[in-house]
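Novice: These are the residues of each chain, in order.
2 protein chains.
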Amino acid sequence: MRAMRSLLFEIADAVHEAVRSTEGAFEDAEVGMGADGTPTAKIDRVAEDAVFKVLAAKGNPLNVLSEEREFQDFKRAETLVLDPIDGTANAVSRIPFYSVSLAVGVRDLDNVRYGLVRNLASGETFYAAKGKGAYRDGERIKVRDFRLDRAQFLVYLGNRAARHAHGMAAMPRRTRSLGSTALETCIVAAGGADLHAVVMGAATGGLRVVDIAAASLILREAGGELYDDRGQRFNMPFDIRVRRNMLAVGDPRVLEAFK
Amino acid sequence: MRAMRSLLFEIADAVHEAVRSTEGAFEDAEVGMGADGTPTAKIDRVAEDAVFKVLAAKGNPLNVLSEEREFQDFKRAETLVLDPIDGTANAVSRIPFYSVSLAVGVRDLDNVRYGLVRNLASGETFYAAKGKGAYRDGERIKVRDFRLDRAQFLVYLGNRAARHAHGMAAMPRRTRSLGSTALETCIVAAGGADLHAVVMGAATGGLRVVDIAAASLILREAGGELYDDRGQRFNMPFDIRVRRNMLAVGDPRVLEAFK
Numbered sequence: 038m039r040a041m042r043s044l045l046f047e048i049a050d051a052v053h054e055a056v057r058s059t060e061g062a063f064e065d066a067e068v069g070m071g072a073d074g075t076p077t078a079k080i081d082r083v084a085e086d087a088v089f090k091v092l093a094a095k096g097n098p099l100n101v102l103s104e105e106r107e108f109q110d111f112k113r114a115e116t117l118v119l120d121p122i123d124g125t126a127n128a129v130s131r132i133p134f135y136s137v138s139l140a141v142g143v144r145d146l147d148n149v150r151y152g153l154v155r156n157l158a159s160g161e162t163f164y165a166a167k168g169k170g171a172y173r174d175g176e177r178i179k180v181r182d183f184r185l186d187r188a189q190f191l192v193y194l195g196n197r198a199a200r201h202a203h204g205m206a207a208m209p210r211r212t213r214s215l216g217s218t219a220l221e222t223c224i225v226a227a228g229g230a231d232l233h234a235v236v237m238g239a240a241t242g243g244l245r246v247v248d249i250a251a252a253s254l255i256l257r258e259a260g261g262e263l264y265d266d267r268g269q270r271f272n273m274p275f276d277i278r279v280r281r282n283m284l285a286v287g288d289p290r291v292l293e294a295f296k
Numbered sequence: 038m039r040a041m042r043s044l045l046f047e048i049a050d051a052v053h054e055a056v057r058s059t060e061g062a063f064e065d066a067e068v069g070m071g072a073d074g075t076p077t078a079k080i081d082r083v084a085e086d087a088v089f090k091v092l093a094a095k096g097n098p099l100n101v102l103s104e105e106r107e108f109q110d111f112k113r114a115e116t117l118v119l120d121p122i123d124g125t126a127n128a129v130s131r132i133p134f135y136s137v138s139l140a141v142g143v144r145d146l147d148n149v150r151y152g153l154v155r156n157l158a159s160g161e162t163f164y165a166a167k168g169k170g171a172y173r174d175g176e177r178i179k180v181r182d183f184r185l186d187r188a189q190f191l192v193y194l195g196n197r198a199a200r201h202a203h204g205m206a207a208m209p210r211r212t213r214s215l216g217s218t219a220l221e222t223c224i225v226a227a228g229g230a231d232l233h234a235v236v237m238g239a240a241t242g243g244l245r246v247v248d249i250a251a252a253s254l255i256l257r258e259a260g261g262e263l264y265d266d267r268g269q270r271f272n273m274p275f276d277i278r279v280r281r282n283m284l285a286v287g288d289p290r291v292l293e294a295f296k
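Chain order of the listed sequences is A and B.
Quick note, my numbering runs 37 ahead of the 1-based positions in the first sequence.
Quick note, my numbering runs 37 ahead of the 1-based positions in the second sequence.
Chain A extracted, bound-state conformation (with noise of 0.2 Å):
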């Protein structure tokens, strides 16, 4: 549908236009608590209120499950899944490594029907629609043959990582941890890297449906897929609450490194 591929561009473009016009003006704005405890900064306020002032305009035509308010729930047969900011902590410590996920779908991650990723930094932005391929910048992207001469890991990490992340984060000859997990899981879907973990400890417990929901439609329309941490096809139900650990790969070879 053309016309969910524009909402979701326009939604974008929004908020690219709202955080650019209050830049560096984050770094002193004070870092709260959201209510599942994730940070939240002044940078998220105002992108999720660009959202929503594109939807309000439009008749709010999708309910919406986001990072810091209730459920919003318009009676639609469909659900915007939005992450406003994902990787405050980048955004407001100016790495220029932080974006906006918008997915749409019903009930869960294998519903999601449309997802968008766009690099507020750079402005990249990454696309797919369930069955028609993942684009960057309207190019087609793939993931590629894992070759363990050219592994590259993205893991994420510090404190709150499992012990076996670090272990993964030890294991190629290339390993970023960036602070975007919706970015991270779409370089794994242009063929930039091998495999994106989220591995947490059982008291942390791992990453939102808001963060993977439009990334992981771009993975596996790219050709790539998603585990939990027991190895299973990675879902997830539209609920805040949860939190599960994931490993997203490329080319499902990579896996046999850790055995």
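These aren't lab readings, by the way, just hints derived from the structure by calculation.
Honestly, I wouldn't trust all of these hints.
No distinction is drawn between identical chains; accordingly, a pair holds when it is met within one copy or between any pair of copies.
Each computed DMTMM-like pair below joins lysine to aspartate or glutamate, with the alpha-carbon atoms no more than 25 Å apart [as the list claims (entries may be wrong)]:
#, residue 1, residue 2
1, K79, D174
2, K79, D186
3, K79, D182
4, K79, E161
5, K95, D288
6, K179, D265
7, K79, E176
8, K179, D147
9, K90, E47
10, K95, E107
11, K179, E161
Note that the structure is a prediction, hence the values are computed from the model and not measured.
With chain A's structure known, arrange chain B on it following the hints.
Specialist: Below, chain B alone, put in the same frame as chain A:
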């Protein structure tokens, strides 16, 4: 000296333009090995050629120590210490975080008088002249005070990193591994992180003077300091064969975290 500042910005512009005009053509470029065992790619050559072209047009006012060529001795008083692309693997992977690094001085890091690092994906430019402070896009930058509750470390990882580096990645609330030492050190200089560490095993040995010559001045002019892995003040001769481990910090109190 305004003249030297102008020359460095002119070189950065030339590199930026050369890299931008060939954007997207790097993914398929064969990545080989430089004289010192570091991977090189077409983008490095394109960037380096742009630098030499600007210098030649001005009668080669500086000797040049670069990543890929022999030392270019034009019998000048000062040397340009050049990394045409710091973060080649990122550029090839289309991770938007790679830079050109330009430093001018004599003999060793202690005698660098000017330093410029430009993020070639975003255009953001860090600059310092000795004794004159450090700047990002014309605005004065300063390191931040270390506070454990917002600690963010930037750590070089992968299978060439020392075990100690992987330990560091597990310590703070937030860890990033971004793939460009020059830029990561500048982020510490600008108060976006508390530490950047490059600690490799004895066999692979650490970073090269071209990676850190510009950023070391920028960090010191912003109020930070660099240490070697024995805790001594960091220095390196202008010699491409030397490799050394490094901790770059904003506030030395961060080092207490390791005790």
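Novice: Indicate, hint by hint, whether the structure satisfies it.
Specialist: Verification of the supplied hints:
1. K79 <-> D174: between (28 Å within a copy, 23 Å between copies)
2. K79 <-> D186: between (42 Å within a copy, 19 Å between copies)
3. K79 <-> D182: So K79 and D182 pass the 25 Å test across copies only (22 Å; inside, 40 Å).
4. K79 <-> E161: both (23 Å within a copy, 23 Å between copies)
5. K95 <-> D288: This pair counts as neither: shortest intra-copy Cα distance 40 Å, inter-copy 50 Å.
6. K179 <-> D265: Classified as within; 22 Å inside a copy, 42 Å across copies.
7. K79 <-> E176: This pair counts as between: shortest inter-copy Cα distance 22 Å, intra-copy 33 Å.
8. K179 <-> D147: within (20 Å within a copy, 47 Å between copies)
9. K90 <-> E47: within (11 Å within a copy, 43 Å between copies)
10. K95 <-> E107: For K95 and E107, only the intra-copy Cα distance (20 Å) is at most 25 Å; the inter-copy one is 63 Å.
11. K179 <-> E161: Within. Shortest intra-copy distance 16 Å satisfies the 25 Å Cα cut-off; inter-copy 30 Å does not.
Checked against the numbered hints listed earlier, the structure breaks hint 5 alone; every other hint is satisfied.
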